[in-house]
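J.: If you read the sequences in order, they're chains U and H.
Throughout the first sequence, residue numbering follows the working numbering, covering 1 to 415 in sequence.
Throughout the second sequence, residue numbering follows the working numbering, covering 1001 to 1299 in sequence.
Each hint should be verified, as a subset may be incorrect.
Here are some of the chain U residues that sit facing chain H, going by a computed Cβ distance under 7 Å [stated by the list, open to error]:
1. K74
2. K80
3. L357
What the hints contain is simulated information worked out from the structure, not anything from laboratory work.
Ideal Cβ positions, reconstructed from N, Cα and C, are used throughout, including at glycine.
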Amino acid sequence: MKKPLHKHIGQGAKRVGRHFTKYLYERDTIFATVWVFIFIVGLSNIPLNLYVLNPLKMGLKDFDYTDLAYAELKKGKDSKIDSNIVIINIGHADRELLSMIIDKTAENNPKVMALDAVFYEPGDSQPDSLLSASIGKHKNLIAATKLILSGKDGDTISTSGDYFKNAATYGYVNFFSDELASLRYYDPFMKDYKGTTYNSFTSAIIQAYDPAAFKKIKKKEGKQVQINYERTVDKYQVIEYENLLTGSFERKAIEGKIALLGYINRDPSDILDKKFTPMNERFAGKSRPDMNGIVAHANIISMVLGKNYIKKVPSWVNLLISIVVCWLFMSFFIRYYLENHIWFHLVAKVIQVAAVLLFAYLGIFCFDEFNIKLDMKLSLIVIIMAVDVIYFYEAWAVWMHKKFHYHTIFKPHHH
Amino acid sequence: MKKLNFLIVLSVLGFAARAQNSSFLLYSFKGNVSVVENNIESKAKVGKTMNSAATIKVGPSSVVTLICNEAAMFTLTKAGTYKLNQFGDSCKVSSNSVSANYVKYVWAQMTKPSGSAGSNRKAYMNNVGAVTRGVNNIWIDPRLDTVNYSGGEFPLSWKSYADAKEFDFFLYNSSNIAEPFYSTTVTKLKISIPAFTSRMKPGETYYWVAAVKGEENDERKVLNYVTKETFNTILDSILKQGAQFEAPAEQAYRIAFMLEDAHYLSEAYQYYSKAATLDSGNALYRSTLMSFKKDYEIK
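Chain H extracted, bound-state conformation (with noise of 0.2 Å):
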């Protein structure tokens, strides 16, 4: 037992002192990034090697490439302040197997269909045959600046002509629209409003952005975060313009209409939504219901 007990904490000293042994060269940087060793302040050099104690600060729109016990390569491009012992798992450089990749490689081509440009349109057609000029890489949808939103579930959506993965969404104050006070990343085209309603005030407007992640776009739409109360004022004045007979299931199409045009589209696709379930067998609140939920992305 006691064998056993010197062997386990044999392991994990020889685990701790691996973390702490890390060592990071600064490969490369751009903008303000600064690292900080022994409680002193520096400006980021090329060739600066570091121990896992230091701490790195990147500076809005800067980036710091480290290179992990001289093999590992990872990049920063997020404002912060960073420790290096928390970029253990970024250290460790994959065995690569070449047997095993082999037979990995054999086998996906062998079980790889053979695509041709005219049988998948859809992955042969950003070929482009252009040049860019300042055109980001997200398309975001004119009706989805502005957006009024007082509740409910509803996505920002975009469009991305990379084939990237990863997006990062940036919320801003309209006090400053410079530096976002919020911001994620996520894997699908679309976030969903409710995520971070938390992190806004009603009444306030605000400034929304996607990206492909690592990129920028400075293309802002506008969020107004609408109080309750507003909402409720606009909901009046539209039911007030209703006609003397009118069917609930029109009076809610009418609604969502006329939301949809003020651009409460969270709020309209509730209405829509009530259109089609309070008349299930009318085929115009059904195809609008589904032409909304296409143009904004809502599954």
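Bound-form chain U, shown alone (with noise of 0.2 Å):
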């Protein structure tokens, strides 16, 4: 009598599952687990960077399998555009026109405006008295300024670029990052010596906007956050400054909102202000910086605002999870290396090669679905580490059982 299909599935999976458990527990396999733990720590530990000529490497560097959701699985595609900001695109308008921007904006009742621009230097004197004259006038404007952090240990702090000393609040733009990787972290604050405290350009927003989001923003003191980044330029509503000088707009795109005046160019070769960010098309390689930084800015308001912080799984988690799975990953390739040596090296290149599929998708999928952060990097670190600490752990344990007597599935040259 033929079994049923379901049946013949069920047998199956059993015996991929003894090829996983059939040497689990032994004694072999924890111990070269261990091993293999052991052999990355010590690597890590290299005071050397031995990467300085592996280009794989250094191109890489600022790669997370998470720019993949952006970049090629179209994360961020379906979002709705935020409707508690607007971006006025000051584009390259000089101090004079910048005032009059300003004072059109105030004049249609915005909740807060946030004007994204730093004055290193006096200018002309009549644009200046103007834009100094609409700086001051507007209580619910937030300029920009820029932190210096000097003494030994960066923590004395002086601003810059606040030429204009007469706004009702300031708020850091610096983004303590390098400038050439990608932008996914912020500081929402920063603290100096003396224990005070500055709130970044993003945090001063959310303050007046937002008292409540902010006194959750508020208990991220000291911590940098990572930026989930959901909407490009077009989700958010951009009025030209020509249209908002002519009248040539609706006074509720405005009314009651975020105005962030920032610079917005939507050409590609313009990279005035543009940061690489992971919803760059282009997650690996050379490229060009995707966002202006007006948009970062606003993604981050608009993850306070809707609480949609990114969780970042503890690394004690990351490691316990790397754990089980060498463990597991151990056990079958001992169980190939022994009973089935001949297709050994095949098959563990090709679970090796699955695993990277399976780990960048699990990584991606809780990112998407639910979030989280959940870095599977050393998940496949140990996988890839596996099959070549299996020939020095056979070494060591043969070694061992002639030395000590130690008992071993491994037999000398048993290949």
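Join the two chains, each given in its own frame, into one complex according to the hints.
T.: The structure is reproduced here in structure tokens:
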């Protein structure tokens, strides 16, 4: 009598399961797993940069698997326009024009206005007077400043870029990250050695717009926060300053909202104030920065107002996952090593490729579905190292057997 | 049965309500754009929200970008009057499954041939090391300016420097070369003249141009739609110029050559074909016909 299909599948699954579990509780499997981690710790503590001439390592230094979610898997494409924020494109407006833009924006009663421009030195007297008057007049205007960190520990803070000193509130616009790397994290607050806290540009905006959301972000003081990018420039209402000044816009587009006054340029060749972000369509290799700074600020504000933070899995959980993964795969590899050695390398390579695809998917899935950042890098490393460690372990176990009668399933020159 | 009917009515009403409830946000515009709501026309304003009962008027050389239901963005670039309820399809937001896209991506990457600049020169020769100065993305063979046409199958063709999939074709009256009286979008790099002859009058001069969809091209080319009588007069004069003992194939070839010289390209094609058919063993006739077809993108 023929067996039904589900029984075939069930038996097949059991057989594969046995491949993983046959040697699972063997002392050799556990010790080989331990050796994998000893090697990882040893290699990671070599005080030399062994990748100095490795272009692959250098090229992928800024790579994160979750970038694939944006670049290739269309994460964020379905995001709705954020109705809390309107961006006024200041283009290349000079100080006099900026003054007019601020005043015109203020006429339309935004709840908060924020000017994403820094001024390092005095300009012509008349435009400076006009801009200074505009900045001082509107108490809901947040001005940008740049923090300068000095001192041995970098905890002496001074400000620059705030030539106009009469704004009601300032927020710093620094992103403490490599200018040529993807902008993934930001510091919502900075504290100097005296304990004075400085609000970032976005934190200052949120404090004025939504005190409840501010309380939540305030709890993250002293930490770097990962930015949850969900929107490109097209997902924010942008009003060109020409339209603003000629009245070609609806008042309700600004009224009661956060009006971000910043520079927008959609021309990919114009990289003024553009940052690399995980939303870049080219996630590895040479590329062009993709997002204007003001849009990055807008994404931070959207994240905080929407309480859409990325939850990072603690390092000990990632370590625990990698130990379990290493143990399971070590058991599987040892089974092939001892019983089907002729197939060992082929199976190991196939499993390594499959594991890369699976773990990358798991990381992307958790990131997309639950905003959870699961770092599977260590799990991948242990699978890759496990294959080489088996050879070392075999030699070590046989030597231990000869010297100390260590009980092992490996036999001298068994293959 | 009653329950089924009730369900059908309910779902139809549901769909209708959804279509009716689409809201549109005027995201940006350039040029002359106005909005008609409740029979009142007003100038377009950025940030204006409209329901699907509204109408939007787009003037010549104007552009308007709308966002439907806060998510789906689309742009209107052609002059005209558009009722917003006709954009139901544009309101659909594709629900991107990251898992499905991941499988597609992995499969595409695994099966993608690894191309290199050396192995596929055609694909990698678009990297131009120079600036552009007002050169548009479309190149039209100067031989297609001017075309005299009296009838027959013949395409107007062009070449594109851009990796575009759609092209706009515009046809202008000689009295108004600013406003096309006929325009269409094509996916090929050519359009057959008979596709728009019904819109032209014999004896009139027209101008045409092709552009990458959404772009502009002001290099107008002339198309003379000549009457049959005019063409026959020219043909007669060409016929009279023949030698006394001219074979039919030779005559057809000569006529074709002279017609091509006179920019009667469609008619020249007919005579080149005739010459090659009448003397199929003649390599010159065959190769000339092949070259002619290649030059003018005749398939």
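J.: Min Cβ distance, K74(U) to chain H: is it shorter than 7 Å?
T.: holds (4 Å)
J.: Quick check on K80(U) please, does its C-beta sit within 7 Å of some C-beta on chain H?
T.: At 4 Å from the nearest chain H Cβ, K80(U) passes the 7 Å test, so the hint holds.
J.: For the restraint on L357(U), tell me whether the closest CB of chain H is nearer than 7 Å.
T.: Holds, because the Cβ-Cβ distance from L357(U) to chain H comes to roughly 6 Å (cut-off 7 Å).
Of the numbered hints given earlier, the model fails none.
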